[in-house]
Amino acid sequence: MAISSGVLSELERIVGTRGLVATPEGRMTYECDMHTFYKGAPDAVVLPETTEQVVEVVRLCRREHVALVPRGSGTGLIGGAMAPVGGVMVSLTRMNRILELDFDNRSATVQPGLINLWLSQATREHGYYFAPDPSSQMVSSIGGNASTNAGGPHCLKYGITVNHVLGLELVTGAGEVLRVGGKVQDQPGYDLTGALVGGEGTLGLLTSVTVRLLHVPEGVKTLLASFSTIDDASETVSAIVGAGIIPAALEMIDEVVVRAIEEGIGAGYPKGAGAVLLIELDGPQAEIDEQSARIVEMCRSRAALEIRVAKDEAERALLWKGRKEAAGVFGRLSATWLLQDAVVPRSRLPQIMREVQAIAARHRLVIANVFHAGDGNLHPLILYNDLVPGELERAKAANDELLHACLAMGGSVTGEHGVGLDKASSMPFQFGDADLAFMARFRRVFDPDGIMNPGKLLPSHPACGESFKPAAPRLPAGTWI
Amino acid sequence: MTVSAPALEEALAEIVGRAHVVSDPAALSAASIDGRQPRWLVSPGSTDEVSTILSLCSTERLAVAPRGSASAMGLGNPPRRLDLVVDMTRLTAVLDYVPEDMVATVQAGLTLDGLAAVLGKHAQMLALDPYWGASRSIGGVLATNASGPLRFRYGTGRDLLLGVRFAQADGTLTWGGAKVVKSVTGYDVPKLLAGSLGTLGLIAEATLRLHPAPVDTGSWLFAFDSTERAGDFLSSILASTLEPDRLAWLNGGALRGLGQPPARAALCVSISTVPEAVRSQGAALVALGERSGGRAITIPATLWATLGEALGAPLVLRIAGEIRGQARWAGEAESSAFRQGLSVAIVGEAGNGILRVALTGVIAPEAFASELVAPLRAALQGEGGSLVIERAPLPLKGATDVWGPVPEITLGVMRRLKAEFDPLGILNPGRFVGGL
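Chain order of the listed sequences is F and G.
The end of the first sequence is residue 481 by my numbering, with every number in the run present.
The end of the second sequence is residue 1436 by my numbering, with every number in the run present.
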């Protein structure tokens, strides 16, 4: 259902010629996010520079019943920022300014396209930073982080994005400019700020975000411990958390990923170990000294092969570079892979890691692991070769088994990546009809015509009353070439 | 179809058992909310019974007010209608608690101290310390978004509520969130329920994020001769690498109420970490306090639980303003009260920009509305702040809206949410913002 030339010219009037992408090759660059499995190019892409332009675009699309897909940097992993039924994509990358830094109130207000890391870079010299740190933080946008309620290694201690969002400006699917929350806390009424974060673009388009800034801690200490087996490393994680220590980050990287990181980045991780734990403590110096001594002891008593403490900021940065850029080296392992983001209660980590290995063996696949062990948020990377007949099917089967194993332990479908198109059909595994219907009704309050990011977050399920129907089925992406 | 009162009472008794339906006039009078007496007081014994009660209320259009420990029933506008008070205090079970996960699922009527007794055995805690007592129910604390000094480090109920099972207005039992510490699966329904004062659904069970109990805590009180200097000290703490877990602002009236030595204003601060760091951070804190002109005294940690006693007055306001303006707002609240001849005690979560102002004395409703509340509200709104009347005698409530204005577009969305999830308007009708 290509949009009409009338709609196109109206879009051009709103955002200008430079703000409109409508050529086939231009639209193709927007056909997927980092989950390249799902492809769907929009019929047009607009790049607004003001909230007023966003409002005009939403009102136009509402009037014409055209689907709207918001997009930040496109680094999502869930098939969220792509257009399965076409329509207009709104790329917010040009709205990338810091609107206000207010250190006295420990807050910042930014436009949605601002890159996550830029905010910490702009505030660090004043002693502050923005805590949510998804691995994509050097490219992902704060609007995208808020839309997906992104996580990151340091969520273990500091919580996910929603715990750091104080207020929002959102253009709803009904075209209203809704301003909620702000740097003053406890505004009377429903906590719309909290409920809108994680909306994945299905409720409206974020046009500004007010976030909490944290003071840079007195000290930070980064440790690397290697173990001969994943089992030893998992048991160590359980022991640390069970002892009442909440490190700033507690990451596990298995042998397969360590090898790829060392070949691709050279972060100085020990090759040959079955698993590596990257542990970071921050806070008062005396606290982290005491806790790191206890952690070292726990690692030793669980047969750690080597324990290394980063000597300086340069070594610490290198250890983190390996972890944060791990996604970039996945290509060294396999051209094609599936990435799972399910969660287990943290005490079940040793058990689920044994299950991951058993599933890999059963399906004759390699499953690599690099993940947030401290909060039980797995990221098994299921490697497959799509040129080998049947391997994709085995990978999918392994992925499903993994998800169900996590849920059977009382876990969750997604810990930080979000639902998107990828996991919409998995929602009924975690929620009943009444729960999904409640969410669908919540969605309608903000998007009465069902134009916002259709097909994402909720399954096409009778209980969800998915209302958006494109006029005609679309051709699979790529067939136009 | 309407049914006669005796038949309704019979139906309620069938759901919860005769012993758990109160229709005795004296008991019902005690259950009144802002002078409006319910027709029944019902105490369900299971989540399913909560659901069945609401289903009946929905069919019969009965207006429902949920109640936990009844300590915050003064919050909100007077109810437009009231048929049934649903008392949750029989629902006190810990449904699921795996200490290693640091997550517990509990029934909504469980009290904070009831849960603390269970968690204490495993050196864990729920980091919520609202004023007016540890005997408050967890459902009530969540529904009213109550908070206390621990908020500075741990946030409020919205940050600790991982999952929630609630009965919708028509009785449909609904689950939102997850039972693990990290989940972004679907909309964050727990955030919507937290602080919604039972107007969208009745919270029956809550899954909560827990924290390790601190190994060691040091607590200090810094007394100041001027409000401004106390404010400067607050700013210097916030701009430092000190990591308090609690921060509380006390004015002279609150100090008096708590039996502390007199001062113009004071900040109470606690630091909870390993003993070595309590010593080093404590020493740095005391040095900073003294540089700001404060007199530091060490206080027992037990003082924290008693701060609410300074807020015992029948009239309590909650002021939310910019963090940097806390000294100014404390001063404005005091001078407004003094102008009306009222005495005033202030206890504030100053590091979050929240002050609670307890007023004692005699004030006419008109003066309360136009000379005390209205000017403060107008000034606060200038910076996006608010003034909520958390507790007040009925004549004062009648003179002004307790929540204050909400921007029209925002209120419109809240109205649509209310209409969507409680189309018959039976859940706490009239008590929330904008008369929702």
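Worth double-checking, as some hints may not be accurate.
Stated by the list, open to error - Derived pair list, reagent style DSBU-like, types lysine-lysine, alpha-carbon separation capped at 30 Å:
hint: 1; chain 1: F; residue 1: K321; chain 2: F; residue 2: K311
hint: 2; chain 1: F; residue 1: K157; chain 2: G; residue 2: K1121
hint: 3; chain 1: G; residue 1: K1179; chain 2: F; residue 2: K311
hint: 4; chain 1: F; residue 1: K271; chain 2: F; residue 2: K311
hint: 5; chain 1: F; residue 1: K157; chain 2: F; residue 2: K271
hint: 6; chain 1: F; residue 1: K221; chain 2: F; residue 2: K157
hint: 7; chain 1: G; residue 1: K1121; chain 2: F; residue 2: K396
hint: 8; chain 1: F; residue 1: K321; chain 2: F; residue 2: K271
hint: 9; chain 1: F; residue 1: K157; chain 2: F; residue 2: K321
Stated by the list, open to error - One side of the interface only, derived from the structure: several residues of chain F facing chain G at Cβ under 10 Å:
hint: 10; residue: P24
hint: 11; residue: G198
hint: 12; residue: I307
hint: 13; residue: V309
hint: 14; residue: G418
Hints were generated in silico from the structure; no laboratory data involved.
Beta carbons: idealized from backbone N, C-alpha and C, even for Gly.
Verification of the supplied hints:
1. Distance restraint check for F/K321 and F/K311: the Cα-Cα separation of roughly 16 Å lies within the 30 Å cut-off, and the hinted pair is therefore satisfied.
2. Under the criterion of a C-alpha separation no larger than 30 Å, the hint pairing F/K157 with G/K1121 is consistent with the structure, at around 23 Å.
3. Proximity of G/K1179 to F/K311 is assessed by CA-CA distance (about 38 Å); at most 30 Å being required, the pair is judged violated.
4. A C-alpha spacing of about 20 Å is found between F/K271 and F/K311, which places the hinted pair at or below 30 Å, so the restraint holds.
5. Taking the CA atoms of F/K157 and F/K271, the gap is about 29 Å. The hint holds against a cut of 30 Å.
6. Between F/K221 and F/K157 the alpha-carbon distance is near 14 Å, which keeps this suggested pair within the 30 Å criterion.
7. Distance check on the hinted pair: G/K1121 and F/K396 sit about 44 Å apart at the alpha-carbon level, beyond 30 Å; violated.
8. For the suggested pair F/K321 and F/K271, the alpha carbons sit about 16 Å apart, so the restraint of at most 30 Å is met.
9. Taking the CA atoms of F/K157 and F/K321, the gap is near 20 Å; set against the 30 Å cutoff, the hint holds.
10. This hint is violated: F/P24 has a C-beta 34 Å from the nearest C-beta of chain G, more than the 10 Å allowed.
11. Look at F/G198: its Cβ gets to within about 5 Å of chain G, closer than 10 Å, so that hint holds up.
12. For F/I307, the shortest C-beta to C-beta distance to chain G is roughly 20 Å, which exceeds 10 Å, and the interface hint is violated.
13. Taking 10 Å as the C-beta cut-off, the interface hint given for F/V309 is violated, the closest approach to chain G being about 18 Å.
14. For F/G418, the suggested interface contact is upheld, since its CB lies about 6 Å from the closest CB of chain G, less than 10 Å.
Checked against the numbered hints given earlier, the structure breaks hints 3, 7, 10, 12 and 13 and satisfies all the rest.
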